[in-house]
Amino acid sequence: MTFVDLDRAEEEVPDRSVAPPDRPRDRLRRRPLGGPRWVGWAFVLPGLIGLAVFIVLPQVASLILGFSDSTLLGGTQFTGTQNYVRLLHDTQFLNSVMVTAIFVLVYVPANIAISMAMAMWLKTRIAGRNWLRVIFLIPALSPMVANAAVFRLLFQKDGAVNQALAAIGLGPIPWLSDGNWALVTVIGVSLWQSFGYNMIVLGAGIDSISPDVIAASRIDGAGRFRRLVSITLPLVSPALFFTTVLTVIGAWQTFAQAYVITGGGPGNSTMTIMLYLYQTAFTNNELGYASAIATVLFVIIAIFTLFQMWGQRRWVHYD
Amino acid sequence: MTEQRLPKSGPNWRRRGRAVGFAANTTVAWLVALVFSFPLIWTFFTALKPANEVFAAQISFIGSKVLWSNFVDAWTEVDFGRLLLNSLVVAAVSTVLTLVVATLTAFAFARLQFPGRSAIFLLFVITLTLPSEVAVVPLFLGFDQARLADTWVALILPGLFGAFGAFLLRQFMLQIPAELEEAARLDGASTWRILISVIVPLVRPALSVTAIFTFLGSWNSFLWPLIILNSSDKWTIPIGIAGFTTQTGTQWELLMAACVMTIAPVVIVVAVAQRQLVAAIGAGAFGGR
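First to last, the sequence lines map onto chains F and A. The numbering of the first sequence is this note's numbering, which starts it at 220 and goes up by one. The numbering of the second sequence is this note's numbering, which starts it at 1140 and goes up by one.
Note that these hints are calculated values from the structure, not bench results. Some hints could be false.
Unchecked claim - Here are some of the chain F residues that sit facing chain A, going by a computed Cβ distance under 10 Å:
no., residue
1, Leu267
2, Gln278
3, Ala368
4, Ala385
5, Gln472
6, Pro485
7, Phe526
8, Gly530
9, Gln531
No experiment lies behind these values; they were computed from the predicted model shown. Idealized CB from N, CA, C, for every residue including glycine.
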């Protein structure tokens, strides 16, 4: 569930290099279980090399490229902090940071709240709740691009959503042609697509609460609200922390929704950092400058993650 | 199950109240699910409409004609057959290779002692929090330098080494009693033999869940294929769909037919393997997406 659990599991591994002295296991003592000491390396090496080359190395290279004016065919010259000075005056970039920050600040709390509420609701008595769980999970495991294409149709000026609104005497709402509404639409489709996943993770967290604790609180006369605040939320807090950290990391990297539904528009109102990075690198062929954007995004995500890890002591309960 | 808490006897009104509450709760929940599913239901019905009725004045699910031929047209107009084949091949190859790498890694972490194991394990844990999409530019440059841009090798390689599958398999392998392994070793089995004949058969459920997630991950993947693939004969489904939507004068009914054919396999897989998938997600094995 959490990194802490992984550490705990680590302790459960018995130390096989030492055979118990009361058993005659000469052969094992000569060759400890697991073979010669280098055998483990042989097994871990493919994964380790792949991790180093394709996951760690690009992060480091991105940091270095950020100090260059690299282009695809034009070679690479190091230009010091020039890219970063330019970023400070790049209104399109500053706008994309703003847009993504708004996205994160609305999307993440809404996602966690909806996921938690739905997870708790699906623990109540409902006929066919396993199938409901599947229905809510399906968009999260479907291609974002297909989901986004569907929403692009629904939210057209004369699409189904505005037609439904017209039927009850409302609208039409300029979902995709007005900047603010376009951002609302992109946040909406992101929530629709993703909450089912966190709902399952939090549901598992709720399941892990001992029924005895709930029963005891009932006997002590705790009402529904009291149980939520004093029992459920504290005991689910490790799962809440885990999902929040990963949801924030994902939200800062939002790309496909904006790319497909609005293309960043109208007027850059849905231009996320990743979309601006993509256009800078692969439309404008400014790979060095795009890497500087990547570094800023990396730092933003790192700050948010570290801040949450620091803050977890105040609200996350491990027992 | 909470059903068991229902009192077998008790005041009649109370039982009836509970039954009404149960019915009301169920009804509301399924209504919410219906509204939630509306976009996908609408997609299906739009895929069957004549082109000029996609934006009809009156909202209606069924057009004047039901055109199953839209699915055939999508196959030719969007070249969906090619996209489907590409996506299937890429996802299948990715899945097999990921399983091999993840199994070896998990086995080393769970069952073998070697110098530096804790440090390497920590490295794997840390990479879980790295924002991977941020580093696409150097990844692209690297493959371009190696003259591998616009190939499936470049498309598949970076996705093989995510640590989540290894972690899930490791958790399962830790639960296998050491006696089985010791017995096999006393019978003269090599480490490799133990992995293949003892460990792998025992973690088959975890392997199939990892396979499903890897397959879906590849099936859904968008940003990296968009960057690395140039020629349209190598595109996967998401790239084809995205390219289709950004053209002017979108043929919505064909696009929706393509979306139906893209999402339907996911729906089937999730419905069939729901128990295992929910358990694996609940274990936090695959992180947020």
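Tell me if the interface restraint on phenylalanine 526(F) is satisfied: Cβ within less than 10 Å of some Cβ in chain A. Violated. Min distance 13 Å.
Does the CB of glycine 530(F) sit less than 10 Å away from some CB of chain A? 15 Å, violated
Agreement of hint glutamine 531(F) with chain A interface, Cβ distance less than 10 Å: 14 Å, violated
Does leucine 267(F) pass the interface check with chain A, least Cβ-Cβ distance below 10 Å? 6 Å, holds
Does the interface hint hold: is glutamine 472(F) within less than 10 Å of chain A, judged Cβ to Cβ? 5 Å, holds
Given a cut of 10 Å on the nearest C-beta pair, is the interface hint for alanine 368(F) held or broken against chain A? 5 Å, holds
Using the nearest Cβ pair, does alanine 385(F) come within less than 10 Å of chain A? 8 Å, holds
Hint glutamine 278(F) vs chain A: min CB-CB distance below 10 Å? Where the cut-off is 10 Å and the nearest Cβ of chain A is about 5 Å from glutamine 278(F), the hint holds.
For the hint on proline 485(F), does the least C-beta distance to chain A fall short of 10 Å? 15 Å, violated
Figure legend: structure checked against the earlier numbered hints; hints not met, in rising order: 6, 7, 8, 9.
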